[in-house]
Structure formats: structure tokens, C-alpha cells
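Respectively, the protein sequence lines represent chains A and B. Mind the numbering: the first sequence is residues 1 to 193 in this note's numbering, read in order. Mind the numbering: the second sequence is residues 1 to 243 in this note's numbering, read in order.
Hints should not be assumed to be uniformly reliable.
What the hints assert, rightly or not - In silico lysine to aspartate or glutamate, EDC-like type, Cα no more than 20 Å apart, as pairs:
no.: 1; chain 1: A; residue 1: Lys104; chain 2: A; residue 2: Asp153
no.: 2; chain 1: B; residue 1: Lys107; chain 2: A; residue 2: Glu165
no.: 3; chain 1: A; residue 1: Lys161; chain 2: B; residue 2: Glu121
no.: 4; chain 1: A; residue 1: Lys161; chain 2: B; residue 2: Glu122
no.: 5; chain 1: A; residue 1: Lys52; chain 2: A; residue 2: Glu22
no.: 6; chain 1: A; residue 1: Lys130; chain 2: B; residue 2: Glu121
no.: 7; chain 1: A; residue 1: Lys104; chain 2: B; residue 2: Glu122
no.: 8; chain 1: B; residue 1: Lys104; chain 2: B; residue 2: Asp30
no.: 9; chain 1: B; residue 1: Lys115; chain 2: A; residue 2: Glu27
no.: 10; chain 1: A; residue 1: Lys161; chain 2: B; residue 2: Glu102
no.: 11; chain 1: B; residue 1: Lys104; chain 2: A; residue 2: Glu113
no.: 12; chain 1: A; residue 1: Lys79; chain 2: B; residue 2: Glu121
no.: 13; chain 1: A; residue 1: Lys7; chain 2: A; residue 2: Glu27
no.: 14; chain 1: B; residue 1: Lys72; chain 2: B; residue 2: Glu48
no.: 15; chain 1: A; residue 1: Lys130; chain 2: A; residue 2: Asp153
no.: 16; chain 1: B; residue 1: Lys105; chain 2: A; residue 2: Glu111
no.: 17; chain 1: B; residue 1: Lys105; chain 2: B; residue 2: Asp30
no.: 18; chain 1: B; residue 1: Lys104; chain 2: A; residue 2: Glu111
no.: 19; chain 1: B; residue 1: Lys115; chain 2: A; residue 2: Glu165
no.: 20; chain 1: B; residue 1: Lys105; chain 2: A; residue 2: Glu73
no.: 21; chain 1: A; residue 1: Lys79; chain 2: B; residue 2: Asp30
no.: 22; chain 1: A; residue 1: Lys52; chain 2: A; residue 2: Asp35
no.: 23; chain 1: A; residue 1: Lys161; chain 2: B; residue 2: Glu118
no.: 24; chain 1: B; residue 1: Lys115; chain 2: A; residue 2: Glu73
no.: 25; chain 1: B; residue 1: Lys107; chain 2: A; residue 2: Asp35
no.: 26; chain 1: B; residue 1: Lys115; chain 2: A; residue 2: Asp153
no.: 27; chain 1: B; residue 1: Lys107; chain 2: B; residue 2: Glu118
no.: 28; chain 1: A; residue 1: Lys24; chain 2: A; residue 2: Asp152
no.: 29; chain 1: B; residue 1: Lys105; chain 2: A; residue 2: Glu113
no.: 30; chain 1: A; residue 1: Lys79; chain 2: B; residue 2: Glu28
no.: 31; chain 1: B; residue 1: Lys115; chain 2: A; residue 2: Glu121
no.: 32; chain 1: B; residue 1: Lys156; chain 2: B; residue 2: Asp146
no.: 33; chain 1: A; residue 1: Lys161; chain 2: A; residue 2: Glu22
If you are wondering where the hints come from, they were derived from the structure by calculation, not from laboratory data. It should be emphasised that the depicted structure is a prediction, and the values quoted were computed from it without experimental measurement.
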Amino acid sequence: MDPKELKAIIECLLFVSPQPLELKRLEEIIGGGVDTHTIRVMINQLQEEYGKEDRGIQIVEIAGGYRMNTRREYSPWVKRLFNTKLHFRLSRSALETLSIIAYKQPIMRVEVEAIRGVSVEWALHTLLEKNLIKIVGRSEQPGRPLQYGTTDDFMVYFGLKDLTELPQLKEFKDIIQTEDILAEPIEQASEEM
Amino acid sequence: MEKENYQVKLDNFEGPMDLLLHLIKREEMDIYDIPIAKVTRQYLEYIELLEILDLSIASEFMLMAAILIQVKSKMLLPIESVNLEEEISDDPRSALVQSVMEYKKFKELAVELGKNREHQEEVFTRLVPEISLEEENQFVEATLFDLLSAFKDAIKNVEEQTFHEITVEEFTVVDKVREIKNRLSSGEGFYFSEIMLTCRTKIEVIVTFIAILELIKQQEIQIRQHGIFGDIKVFRLVLQGVI
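Assemble the whole structure, with the sequences as input and the hints as a guide.
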């Protein structure tokens, strides 16, 4: 296939799709033996072109695929176009519950509740409804309780390429260190003996 | 929605963990050496305050209060153990500290995730057109109970208009079955409410309803509904599955 044509086809597909498109899916649609590697090269070229020309639209990698979206700096004008709110906001409790699920998935409800110290029933309900989490399986424990994990929509919502992109705390290191400190007195004590 | 209202009332403190963390931070306590007596006293003061303000205190708050008191009393007990090693690692506070730290970690991660989201909120994608699906696709399978509640509505409507008229029983199920079949012969379906509106008496509504049930049993028709509580549409059952 003519590279120019291929690039145009990819551009079309990215334009019409409301969901991020995975390379595999693009390969299926394009057909003709065009492999994912070639598609990726073409997408990278497109990304470069869009960037070079300071376009209002960019092509980003998100939730395991690619999609077109507007550039952040032009959001005030987009918002003027739509009077109604396009985005939904999560409550603090829902966000906290979601972050626990994101970092510890697959996780049972009781485990989330143990960390938050409160019932998370309502938060789970909201998150399921917004399709940010899903039931990913059942624990082997008695009663086979449900386990929850995050969805692709979750990655789209937070703008993540994949789960490894979840924000990390610099305090994470501190926590590990302080845990060592906690253990220290014990060692010292035993040494003293 | 109502459930969320109570969370708004408690505002700053989502739960007992949050309150505990708040107290530790406010008093600049060392999280690894929590003055348990002090923290317990302050915690209980808050609970009292919540009671005075007549805010419903979730049982979780009471549970945490109990844990704090338990830890406090454990620390007051003389150490019996001869084994020094065991006794230090058995700091009654350690479990509590661990859970507070764990909660603190995720609370902060939630803030980080929230920042990610703020970033994403300024980004827009193409919108899915609202009427992207064909009308037929928006139907869900209706159950017998859906049909029954639609019937209840229909019968209610008829009751409102009573006529002083003595009618001979002119409707039979057989007639109605034929009528419905005729109606459907064009291939178009019709709405349940539509056909019920054409009925003038309660008995006609009932006979029509029984006719529909009969046709479902005979697998001549199928019923579909516009979402939950939506209007029910009656289709001729085509084996090829056109719908």
C-alpha cells in the first residue's frame, strides 16, 4: 500500500473513532498485510506532523491505543461551544476508593473497606456505573467474593497509556525506609541482649 | 443520591481513618510514636461534637473509638513478658499505625490521580452522536412482569372514563387474537399502550391482554420494551430474527 494513502486511512480512522484504537484493531481494519509496526511508524509520523504544524488537534497514546483529541490550551473555546458539562467529577470518597482498586487490583470489597475504614458500597456502585471499574473475578476465599479491577475507560479518564503509568508517590520510598526504621529497634534490642 | 448527602455533612472527615489522620497531622504528632492517650481523647471529643451537631455518626467511628481505647488500655497494662524482643515488637499501636499509613498512602495517591484527571478535563475528543443506534437496537427484552405493569396502567386509564352503557359481551379472545394478527400482518409492530387506548371497556382491555398472552404462548409474537419502564412494543415473531 502506498504509504501516503496508508497514512491518510489511519488519519481517517483515528478521526472517526470516539474510542482509542489499538494497533491490532487498526491492523484488522486496514488489512492488506500491513503490520502493526508499519502502522505505528505512520502514526508517529502523523503525530510529528500535527505537532510541527501547531494544530489544535493532537494524536495521543492512551489506554493501550491511539486517539485524536484537542490540545489542552484550547479548552476554553471548546467549553464555550458546549454549555453543558461534558465531564463528570468523582467525589473524594469515590476517587479514594478508585485509587485503592487501581493500585491493588484485583481486590475485594472488604479489602478496600479495611483500608478506608468505611463502607465503600456506594462508591463502588458509582464507579461501576461510570464504567471505571469492573468485576474481574472471584476470590478463592469462602463465599467466593467478587474482585474488582479498573477498565479501559479508567485509563482514558485519567489519561494513562497503561497501568504502569499510574502516578507514584515519592513518599513510597520514604514509607519503605520508615518501615525499616520501625524494624530497627527490634534489631537493636536483640543486639543489646 | 441520598447516601451521598450524609457524606457531605461529614465533609472533611470521610471516615474514622481520615479523622485520625487529621488529628495526627494537626497536632504534628509523630506517626510512629502516637501519644495514644492524647489522640484518643481528641478523637472522642470530635465524636461528641458530631453528636452535638446532630450528625449521624456511622458505626465505623464508634469502632475506631473502641480500637483506640483498647490500644490505650493495652499500653497501660504492665508488661508481663520476660522476652524483651517479643514485647517491643508487640507495640499495641503498630497495627493501628500500619493501617493509618496505608490509608495515608492511598489518600495521597488519590490526590495524584485527581491531578491527572484535571489535566484530562482540558482535553476533548470527538463526541459520539446521540442517535447513533438504530431505534430497534434500543429495545430490551420485556418480561411478563413488564407486561403486567403495563396492563395495570392500561386498566387504570379505562376506569377513569365510565359510560352508562350496557354492553353485551362482544369481545372474545379468539376475535382479539385474529385482530392482533391482522394488525401485525403488515410486518410493523405496535405499542402496547396504543392498542390498549383503542379499548373502550375494562373487559375489552382484559380480553386484549389475554389475547396477547395467548399469542406469546403460541410464539406468534414477541414483546420488547424501550428500556426499563418504557413502552412495550409487540412484534410478530419472525424466525429469521429481523429485529
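Now for the hints, and whether the structure bears them out:
1. Lys104(A) / Asp153(A): The given pair, whose Cα atoms are some 18 Å apart, holds under the 20 Å limit.
2. Lys107(B) / Glu165(A): Holds, at roughly 18 Å.
3. Lys161(A) / Glu121(B): 16 Å, holds
4. Lys161(A) / Glu122(B): Distance ~17 Å between lysine 161(A) and glutamate 122(B) Cα, so the pair holds.
5. Lys52(A) / Glu22(A): 24 Å, violated
6. Lys130(A) / Glu121(B): Holds, at about 16 Å.
7. Lys104(A) / Glu122(B): 28 Å, violated
8. Lys104(B) / Asp30(B): Holds: lysine 104(B) and aspartate 30(B) sit about 14 Å apart, inside 20 Å.
9. Lys115(B) / Glu27(A): Not OK: lysine 115(B) and glutamate 27(A) at ~34 Å, beyond 20 Å, violated.
10. Lys161(A) / Glu102(B): Measuring from Cα to Cα gives roughly 26 Å; hence the hint is violated.
11. Lys104(B) / Glu113(A): Holds. Lysine 104(B) to glutamate 113(A) sits at ~14 Å (cutoff 20 Å).
12. Lys79(A) / Glu121(B): 10 Å, holds
13. Lys7(A) / Glu27(A): Given pair lysine 7(A), glutamate 27(A) holds - Cα atoms ~13 Å apart, limit 20 Å.
14. Lys72(B) / Glu48(B): This hinted pair holds, its Cα atoms lying about 19 Å apart.
15. Lys130(A) / Asp153(A): Cα-Cα ~9 Å, so holds.
16. Lys105(B) / Glu111(A): 15 Å, holds
17. Lys105(B) / Asp30(B): 16 Å, holds
18. Lys104(B) / Glu111(A): 15 Å, holds
19. Lys115(B) / Glu165(A): 13 Å, holds
20. Lys105(B) / Glu73(A): Violated: lysine 105(B) and glutamate 73(A) sit about 32 Å apart, past 20 Å.
21. Lys79(A) / Asp30(B): 46 Å, violated
22. Lys52(A) / Asp35(A): The hint is violated at about 26 Å.
23. Lys161(A) / Glu118(B): Holds - the C-alpha atoms of glutamate 118(B) and lysine 161(A) are around 16 Å apart, at most 20 Å.
24. Lys115(B) / Glu73(A): Given that 20 Å is the threshold and the Cα spacing comes to 16 Å, the pair holds.
25. Lys107(B) / Asp35(A): 43 Å, violated
26. Lys115(B) / Asp153(A): Answer holds: lysine 115(B) to aspartate 153(A) is near 17 Å, not above 20 Å.
27. Lys107(B) / Glu118(B): Roughly 17 Å separates the two Cα atoms, so the pair holds.
28. Lys24(A) / Asp152(A): 16 Å, holds
29. Lys105(B) / Glu113(A): Since the Cα atoms of lysine 105(B) and glutamate 113(A) sit roughly 15 Å apart, the hinted pair holds (cutoff 20 Å).
30. Lys79(A) / Glu28(B): At roughly 43 Å apart (the allowed maximum being 20 Å), glutamate 28(B) and lysine 79(A) break the hint.
31. Lys115(B) / Glu121(A): Since the Cα atoms of lysine 115(B) and glutamate 121(A) sit roughly 25 Å apart, the hinted pair is violated (cutoff 20 Å).
32. Lys156(B) / Asp146(B): 16 Å, holds
33. Lys161(A) / Glu22(A): 11 Å, holds
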